Amino acid sequence: MTEVSLPLFLVFAAVGVFGAVMMVTRTQPVHSALYLVLTLFSVAAIYVLLHAEFLAVVQILVYAGGIMVLFLFVIFLVRPPVPGEARWHGGRHVLLSAGLAVILACALGWHFLESAPAAAGNPSALLEGGNMEQVSMTLFRYYILPFETVSILLLVSMIGAIALARKGEGV
Amino acid sequence: MAGFDPAVFIENLAWMKPELLLAGFGLLLLLASATVPVAIRQVGGWLTLAVLAVAAFLVTAQLSAGSGGTVASTGAFPDIAGNPAFVVDGFAVVFKLIFLLGAAFTVLMSMKYPDTDGEDSAEFLALVVFSVFGMMFLASGTGLITIYIGLETMALAGYLLVGFRVQEKRANEGAVKYFVLGALASGILLYGISLVYGATGSINLYGIAASLAGDDSGAAGFLGLGVVLMLVGIGFKVAAVPFHMWAPDAYEGATTPATSFLATAAKAGAFAMLLRVFVTAFGDRGADWAPLMILLAAASMTVGNIAALRQDNVKRMLAFSSVGHAGYVLMGLIAVGLSGGDAAIRARGLLSVALYLFIYTFATAGAFALVALLRKNGQPGEMLDDFNGLVKRHPVASVCMLLFLLSLAGIPCTAGFIGKWWLFGAAIKVNLVWLAVVAVLNSVVSLYYYARVMVAIFIRDGDGESKIQVPLPLSAAIGAAGLFTLVIGVYPQPFIRLARYAVLMMGA
Amino acid sequence: MKEQLIQYLAVPMLQIAAIIGVMLLCVMYLVLWERKLIAFMQVRMGPMRVGYHGLLQPIADVVKLLLKEDVVPKAADRWVHLISPIILMIPALACFAVIPFTGTSFEVGAFTIPLVNYDVPALTVTSWVADLNIGLLYFLAISSLGVYGLVLAGWSSNSKYSMLGSLRSAAQMISYEVPLGLSIVAILMLSGTASLVGIVEAQQEAGHWWLFWAPLGVPLLWPQFIGLFLYFVAAVAETNRAPFDLPEAETELVAGFHTEYSGMKFAFMFLAEYLNMILAALIVSVLFLGGWLPVTFGIPGLSELFGNFLPFLGGAGAAITGFFWLALKVFLVLTVYLWLRATFPRYRYDQLMSLGWKWLIPMGLAHVMVTALFMLLRG
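Residue numbers (our numbering), protein chains in the order written: chain R, 1 to 171; chain V, 1 to 508; chain B, 1 to 379.
These are computed hints drawn from the structure, not numbers from a lab. Some hints here could point you the wrong way.
Claimed, not checked - Okay, derived cross-link-like pairs now, SDA-like style, lysine to any residue, Cα gap no bigger than 25 Å in a straight line:
| hint | chain 1 | residue 1 | chain 2 | residue 2 |
| --- | --- | --- | --- | --- |
| 1 | V | Lys17 | R | Tyr143 |
| 2 | V | Lys177 | R | Leu96 |
| 3 | B | Lys74 | R | His31 |
| 4 | B | Lys358 | V | Thr35 |
| 5 | B | Lys160 | R | Ala33 |
| 6 | B | Lys74 | R | Phe76 |
Only a predicted model underlies this, so the values are computations on that prediction, with no experimental measurement involved.
Please take these sequences and the hints and turn them into a complete structure.
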C-alpha cells in the first residue's frame, strides 16, 4: 500500500465499521438498511484501493444498486413505519456476537502475525491491462464450470419462486 | 493469458454427460409443461424415470471406461494450478448412483398419487431433476466453488420441494425453517471456505491438500477455525446433532415423496460433500478433525434415537431416526480420518459409508412409500394410528414395511445388518470400541420405536376398512425397495463390490 | 509532488466545477426548450414574459425555487427527508466523471498565476475527469443508486401518494435496468472495452458509428438499431420520463415521490431528473452515435471533412469541434425525449411491467445473441 492509500484505507475502514455498528443498533429498519449501504460503499472503496476496480463496481451495482433496493422495497411493503415500536435487543445477542468477533479477530490476528497471507495475489499483474479483462479471462478460462452451473442454480430459484407464487394465487 | 478455448471446453464437458443429460431434461420438461401440460401430467413421471435410468447408465459407463473394468479417474476443468474442479472417479460414480436411486424412488412415489398436491406436476419433477444435478457436483466437484454451487442447487430445490404445498401450514413452517437455517448454514460454510482459502491460498481441494502437505507449522488456528465452520455448515446439511433442528419440521411439512427425497438423496449428497472435502483436502490432518466428528456422531445417534421414541407421527419419527442414521454413517468417515495412512482401514471406512447409504436409501424410501400409500381423501396417513391393522388391508405392503423397519434397526438377515456390521467394524478398527458400543446401544433403542410401528401394523386392529388399491408406480417402489432390502441382507457381495468402487477417490 | 498534486487534485477539481456549472446551465435551458417545444407542438407560445421570448425564464424559476419556503411534513422522517434529494443528486452528477466530451486533449503550457506568483507546470488537460477502464460499468453502477433517492423520498414523506410513487419507481427502475444493461452488452462486445473513451476510439477505428455497424456489409441491416431502441426506451423508463412517468403521474399521485417536497429540495430532485436525461442522451451519443466524431463520420469522403472547424487553433480547434458534434447529438436525442413526452399517452402500470419483462428483456437477450453471432460470422 502506498502512503496515499493507507490513510484512505483507514478512513474507509472506519466508515465501514461505523456503518456496520449503526446498522445493527438502529431500531428503524430503513435506517439500518441505509447504514448497510454505507458499509457496502466503504467496502467498495477499499476494493478500489486494492486495485480491484471491477469488483468495486460490481459490489455497488449488485449489492447497493440491486439487492439493497429490494431490501428497502420489502421493508416498506411488510412493515409500515411505526416509530419507536421496535426495541433494541441487547444483552445476550451482544455478548454472543462480541464473543464470536473476538475469537475471529484472534484467529485472524494470530494468522497474519505468524505468517504472511498466503492468498495474496500479485497486484502488479492486476494493474496491467485493467482487471476487468483479468477477471473475465480467469472466469472463463478456469472457473467456467461453476460459472455455467450458476445458471441452473438461478433457474431453480426462479422456477421455485414462480411455482410458489402461482400456487399462492390458487391457480 | 489464454482465454476461453471452446475445444478444451467441449473436451472437458465429455466427462459430464450424466449432468448435461439431467440439466437438458429439466429444461425440456419445463418447456414441455408450458406447451403440452396435459401430456406431461400423464407421462412426465415415466419420462423422468427413463432419463434417470439413462443417467445411471451413463454414470456406470464412466465406471468401466478405463481398461479392464477399472475406473478411469479423470479430472476436468483444471484451474490455474492445474488442479481439476471436477473429477470422475469411483467415489463419484457410486454416490451418483445413490442419488439417482433416491430420486427414482421419489418419482415413483409421486406418480398416480390419489388426489395429488401437485407432486405429479412438471415443476416438482424438474426440481427433483435439478436437485440431483446439483448433487452430482457434490460427488464430483473438487473445487470449493463448484461444490458450493452444487450444494446450493440441491438445497434450493430442496427448500422448494418442502414448501410445495403452499396452502398447508406445516409445509410453510417446515420450508421456512429449512430455508432460514439452510441459508445460515450456507453462510457459515462460505465463511469457513474463505478462511481456509486465506490460510492455504487455494480454493481447490487438491490445492489445499498440497498446501497443507507443504507445511505443518503455523496457521493452525486460522485453518482450524475455517475447517470447524465448514464442518458446521455441512453438519446442517446432513442433519447431524446439534444442527438437526430443521429436519423434523421439514420432513413433516413436505409431501411424502419430497420427504423421501430429502432423507435419501439429499442426505447422501451432503455426505458425498463431507467425504470429498474432508478426505481429499484435509485427509492428512484426519487426527485433528476426527474428534469433532466423533462428538457429532455420538450426539446424533443418541439424540436422534431418543427423540424418535416420543414421536407419534411416523414422518417425524423417521426424521429423527434419519438424524440417528447420520450419526452411524459418520463413523465411517471417522475411521477414514483416524486411519493414519493405513489403506485397508481407509478403504473400509469409505466402503462402509457408501454401502450403508445404499442400504439406508432402500429402507427409508420404502418406509416413506408406505406412508404415501396410507394417504387417503387428501389426508396424509402419517400418524402411527393410521398404520393400525394394515396387515389386513394390504399384507404384502405390511411385510415390506416390516423388512424396512428391521433393516433400519439393523436386524440380521436384512440389509441394515450388513451396513451396520461394516460401519461399526470400521469404528472398532480404529480403536473406537466405545463409539461402536454407543452405536449398538442406540440400535437397540431404535428397535423400540420401530417396533411400535410393527405392533400397529400387525397386532392392533384397524377401523376395518377394505383393501387398499395401490397404484402401480407406488407398488413398484415398495416392491423394489423390499426386494433389495432382503437380497442385500442375505447376499450382499455384489453390493459390497459396487461400494468398493467408492474407495477409488482420485488423488487422496 | 507538486506536479502530481496539480495533475491529480487541482485539475480534476476544476474539471468537476466546470462540468457542474455547465450542466446546471444546460438543465435550465433544457427546461426552457422543453416548454417551448411542447408549446410549439400544442400550438401555444410557451413562456414569453421574462426576457426575449422567455429566454430569461429559467433564471426567474431558479430565483423562485431558492426563495420558496422549505416545508417538511410533520410526520416525516426529517433526516431521511433531507438527504434523499441529495442522494438523488450525487449519482446524477458523479456519472459525468467518465463522460468524454471531446476526443482531443488540451495542452496547457507552463504559466504563473498572478498575484500569488504560483508557478503552474505544463499540463495536458483531457475533456474527461477520469478514463476508467470500467467506465461503462461505473456509469451503470452509479446511476443505479439514484433509485434510493426516489424510494427514500417517498418513504420519508410519510404520505401515501409519495409512497406509491416511490414503490412504482423502484419496481420500474429495477425492471428496466435489465434491458438497459443488455443493450449495452452488444456495444461492449463490439468495442472490446468498457472505457467510454475506448468505445469512441473503437468506433473511430472501425470507421463508422456502432449504430451503422453492418456485419454483412449490407446497408440497412444494422443490428445496433435494435440496441439503440432498447437503450433509449429503457433510459426513458429509468429517468421516469413520459410515457413512463408513472412514479409522478399527476392525475393519480399528485406528484408522486416529490409530492411533499418544496423549495431547494424540490429543485434538487428536479435537477437530478434533468441531469439524468442529459446523461442518458450523452451515453446514447457515445455508445451508438460516435461520441465526439463528426455526424458525417463514416460517409466515404466526408469522414475527415468536419473533423476540425477551427484549424488555426490546432489541437484546441479539434477539441472544440468534437465538443460541438457531441453537443449536437445530445441536443437531438434530448429533443426526441421531449417529443415523446408531447405525443405519447402514459403507460398503465401493468403495461409498463409487461413491456419491460415480456418484450424488452427477451429482445435484449436476442439482441446480444444476434450480435455475437454476427461477430462470429465475421470472424
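*Taking 25 Å as the top limit, are the C-alpha atoms of Lys74(B) and Phe76(R) close enough?*
holds, 19 Å
*asked:* Holds or violated: Lys358(B) and Thr35(V), Cα atoms, limit 25 Å.
replied: It holds: about 17 Å lies between the C-alpha atoms, which stays within 25 Å.
*Is Lys160(B) close enough to Ala33(R), meaning Cα to Cα at most 25 Å?*
Satisfied, since the Cα-Cα distance of roughly 21 Å is no more than 25 Å.
*Does Lys17(V) pair with Tyr143(R) here, judged by a C-alpha cut-off of 25 Å?*
Roughly 19 Å between the alpha carbons, so the hint for Lys17(V) and Tyr143(R) holds.
*Proposed proximity, His31(R) with Lys74(B) (alpha carbon, max 25 Å)*: holds, 19 Å
*asked:* Next pair to validate is Lys177(V) with Leu96(R); report whether the Cα-Cα distance is within 25 Å.
replied: holds, 22 Å
Of the numbered hints stated above, none is contradicted by the structure.
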